[in-house]
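2 protein chains.
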Amino acid sequence: VPEAEPSGQTVGQIGEDPLVADVISRYPGAGWLTVGPGDDAAVLDLAGHFPGPLVVSTDTLVEGQDFRKDWSTARDVGVKTAAQNFADIAAMGGRPHTLLISLTTPVDLPAAWARELADGLAAESGRAGAVVAGGDLSAGTELSITGTALGTLSAPHAVLRSGARPGDIVAIAGISGRSAGGWALLLAGHGLLGEAPLQAALARLVDDHRRPRPPYRSGPEAALAGATAMIDTSDGLVRDAERIAHASGVVLDLDPAALQPDADLLAAADLLGEPDPANWVLTGGEDHALLATFPPEATLPPSFRRIGRVLASGSASAVAPAGAESGSGVLLAGKPIIGPGGWRHFA
Amino acid sequence: VPEAEPSGQTVGQIGEDPLVADVISRYPGAGWLTVGPGDDAAVLDLAGHFPGPLVVSTDTLVEGQDFRKDWSTARDVGVKTAAQNFADIAAMGGRPHTLLISLTTPVDLPAAWARELADGLAAESGRAGAVVAGGDLSAGTELSITGTALGTLSAPHAVLRSGARPGDIVAIAGISGRSAGGWALLLAGHGLLGEAPLQAALARLVDDHRRPRPPYRSGPEAALAGATAMIDTSDGLVRDAERIAHASGVVLDLDPAALQPDADLLAAADLLGEPDPANWVLTGGEDHALLATFPPEATLPPSFRRIGRVLASGSASAVAPAGAESGSGVLLAGKPIIGPGGWRHFA
Numbered sequence: 001v002p003e004a005e006p007s008g009q010t011v012g013q014i015g016e017d018p019l020v021a022d023v024i025s026r027y028p029g030a031g032w033l034t035v036g037p038g039d040d041a042a043v044l045d046l047a048g049h050f051p052g053p054l055v056v057s058t059d060t061l062v063e064g065q066d067f068r069k070d071w072s073t074a075r076d077v078g079v080k081t082a083a084q085n086f087a088d089i090a091a092m093g094g095r096p097h098t099l100l101i102s103l104t105t106p107v108d109l110p111a112a113w114a115r116e117l118a119d120g121l122a123a124e125s126g127r128a129g130a131v132v133a134g135g136d137l138s139a140g141t142e143l144s145i146t147g148t149a150l151g152t153l154s155a156p157h158a159v160l161r162s163g164a165r166p167g168d169i170v171a172i173a174g175i176s177g178r179s180a181g182g183w184a185l186l187l188a189g190h191g192l193l194g195e196a197p198l199q200a201a202l203a204r205l206v207d208d209h210r211r212p213r214p215p216y217r218s219g220p221e222a223a224l225a226g227a228t229a230m231i232d233t234s235d236g237l238v239r240d241a242e243r244i245a246h247a248s249g250v251v252l253d254l255d256p257a258a259l260q261p262d263a264d265l266l267a268a269a270d271l272l273g274e275p276d277p278a279n280w281v282l283t284g285g286e287d288h289a290l291l292a293t294f295p296p297e298a299t300l301p302p303s304f305r306r307i308g309r310v311l312a313s314g315s316a317s318a319v320a321p322a323g324a325e326s327g328s329g330v331l332l333a334g335k336p337i338i339g340p341g342g343w344r345h346f347a
Numbered sequence: 001v002p003e004a005e006p007s008g009q010t011v012g013q014i015g016e017d018p019l020v021a022d023v024i025s026r027y028p029g030a031g032w033l034t035v036g037p038g039d040d041a042a043v044l045d046l047a048g049h050f051p052g053p054l055v056v057s058t059d060t061l062v063e064g065q066d067f068r069k070d071w072s073t074a075r076d077v078g079v080k081t082a083a084q085n086f087a088d089i090a091a092m093g094g095r096p097h098t099l100l101i102s103l104t105t106p107v108d109l110p111a112a113w114a115r116e117l118a119d120g121l122a123a124e125s126g127r128a129g130a131v132v133a134g135g136d137l138s139a140g141t142e143l144s145i146t147g148t149a150l151g152t153l154s155a156p157h158a159v160l161r162s163g164a165r166p167g168d169i170v171a172i173a174g175i176s177g178r179s180a181g182g183w184a185l186l187l188a189g190h191g192l193l194g195e196a197p198l199q200a201a202l203a204r205l206v207d208d209h210r211r212p213r214p215p216y217r218s219g220p221e222a223a224l225a226g227a228t229a230m231i232d233t234s235d236g237l238v239r240d241a242e243r244i245a246h247a248s249g250v251v252l253d254l255d256p257a258a259l260q261p262d263a264d265l266l267a268a269a270d271l272l273g274e275p276d277p278a279n280w281v282l283t284g285g286e287d288h289a290l291l292a293t294f295p296p297e298a299t300l301p302p303s304f305r306r307i308g309r310v311l312a313s314g315s316a317s318a319v320a321p322a323g324a325e326s327g328s329g330v331l332l333a334g335k336p337i338i339g340p341g342g343w344r345h346f347a
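Just so you know, the protein sequences line up as chains F and H, in that order.
1 is the number of the first residue of the first sequence in this note's numbering; add one for each residue after it.
1 is the number of the first residue of the second sequence in this note's numbering; add one for each residue after it.
Just so you know, the hints here were simulated from the structure itself, not pulled from any lab data.
Since the model is a prediction, treat every value here as computed from it, not as a measurement.
Just so it is clear, CB atoms sit at the ideal spot from N, CA and C, and this is done for glycine as well.
One or more of the hints may lead you astray.
[To be verified] Coverage of chain H stretches by chain F, computed from C-beta distances (three or more under 8 Å per stretch; other residues unrestricted): (1) 119-128; (2) 167-175; (3) 178-187; (4) 286-295.
[Claimed, not checked] Take a look, some chain H residues computed to stay more than 10 Å from chain F by CB distance: (5) G8; (6) K69; (7) W71; (8) A91; (9) A133; (10) A158; (11) R161; (12) R204; (13) R217; (14) I231; (15) L259; (16) P275; (17) R309; (18) K335; (19) P336.
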């Protein structure tokens, strides 16, 4: 608990350079990290450790929008920041190895919060086989954390959103809807920090919301298995399936039988009086699963399960956005999905 | 002028995906950009274009702290964001080639501002020989922009802050104090957008504040010339010289004769009634010059000018921070500097 820390100092009281030195000390090194955090920039020997095309992505988490300090510990936010960034690398078929972090914070943030954030970043980086190579600290009125993830392709080519072809299999590795279920529990007050332990099922959902665990290895596995398209389901299954559909000019027809809420989600829906927990599965964001398409003859990696098929464009009545092929979109059992929702940042 | 744009739409009215598509269209491609913005991550073929160790750094600019929308155009802010990030790459001896951008913005920001920001990012990237490879867009209450710059070392080794040795020459490439002079003019109301044209000298200072022009090529040139230490002067000459001094366990003795305010700064000081414009030169931040040390026998690259020498630790009376060698610090003509100031984010 940050507030109980003996020193109890804020970021502003400790000051930039001492806080940065403290945070840096929490990050382990790695063979490819020739120069780690603390200088003007980090230096990486990738040729010696990760030969191949470099994959890079950046993602920001904003307090209130992407996390709440009363729902998530600083360590949780660190895990989530790293996971969200590394998932984008995996979604190209890349193996993540390096993370950069820029923290913008009010000066009255407890310094312990910043340290625990670093612990979470280091922990999830470790799970992904990556390290934190550097960062930045800025004063602002709003707490936000920007990560930049670097990785290297294992397969000769990246897996784009635009390669899905009619006849392909639609498959997913990882969870869908569980983060949304956990979020709904927290919103209803059934998962607040410090409350009595929740039933195990509900606690697992809240954990999945607080600390996503993207299946990083499934990304390179999918690429090597011949995946034709792939995306990280950060904004919800249907929303991200639409992105593949529009970029590829095809229709993704999802199979409702393969997208049934699991027992934990059913328990949460029962508790909360949610009539249709399948909405969590279809539209809930922040699961950071990997949604991919494979040629019909491909052998799916064991972590992927089949959830639909790719049809030619024109099979959907949905209106495609400007620039996308007309008639591309997402169907559920061959029928349009009414009000797919999903997490649209500015909608 | 964003507000005069015919459509006049805000970021929130346009929506995330259309705005991202519009911004992306403003970024040119490059041979090393195998997959550009718009997918989960960008893919870079660096081995084929920039073989050598990768250099990476990240930096955030926050409205109010690092820029003001009434003092700088969106294009200025784009230039500054790119410059600040690329300068960190140059300060290691690297050549910048790639930039990632994460924009966090209130939904009522004019969409034209975001587009002009992209134009500034693209322009300064072009000046540096780099491209924008990807980004992220988030909603928040505070406007901030995080850049992550990637570059490649030209010399076999990076130039760290920690390599300065007694006897070395202290030298600088780029300007010092001019950004602070321009900032003081803006603060006094002598450089507001829309006012009558300033005298040329003052306008040049304001321009240097709004759109820093780091001497990117001087970084690799210094590395190849044998520079023993180097830093980007983002926080002021003395403050950043202290960082080299403490990291190297030495004293940097600066020569006041080499650090006289130029004619533009003298004119600004005269106008503003500033008694000691040398303070701008010594403590003003955001010039993004390259401060380096060279062995006494080195031939300085033409863009560097000598401003001091390196002495053994113990020559300074300044108290070094925890972890730094006692007696390391910065002197001016052999004497301690009283109240060096400089830009300390949380001081």
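Hints versus structure:
no.	hint	in the structure
1	119-128	violated (count 0)
2	167-175	violated (count 0)
3	178-187	violated (count 0)
4	286-295	violated (count 0)
5	G8	holds, 16 Å
6	K69	holds, 15 Å
7	W71	holds, 18 Å
8	A91	violated, 4 Å
9	A133	violated, 6 Å
10	A158	violated, 5 Å
11	R161	violated, 6 Å
12	R204	holds, 27 Å
13	R217	holds, 16 Å
14	I231	violated, 6 Å
15	L259	holds, 22 Å
16	P275	holds, 29 Å
17	R309	holds, 22 Å
18	K335	holds, 24 Å
19	P336	holds, 20 Å
Of the numbered hints stated above, those contradicted by the structure are hints 1, 2, 3, 4, 8, 9, 10, 11 and 14, listed in ascending order.
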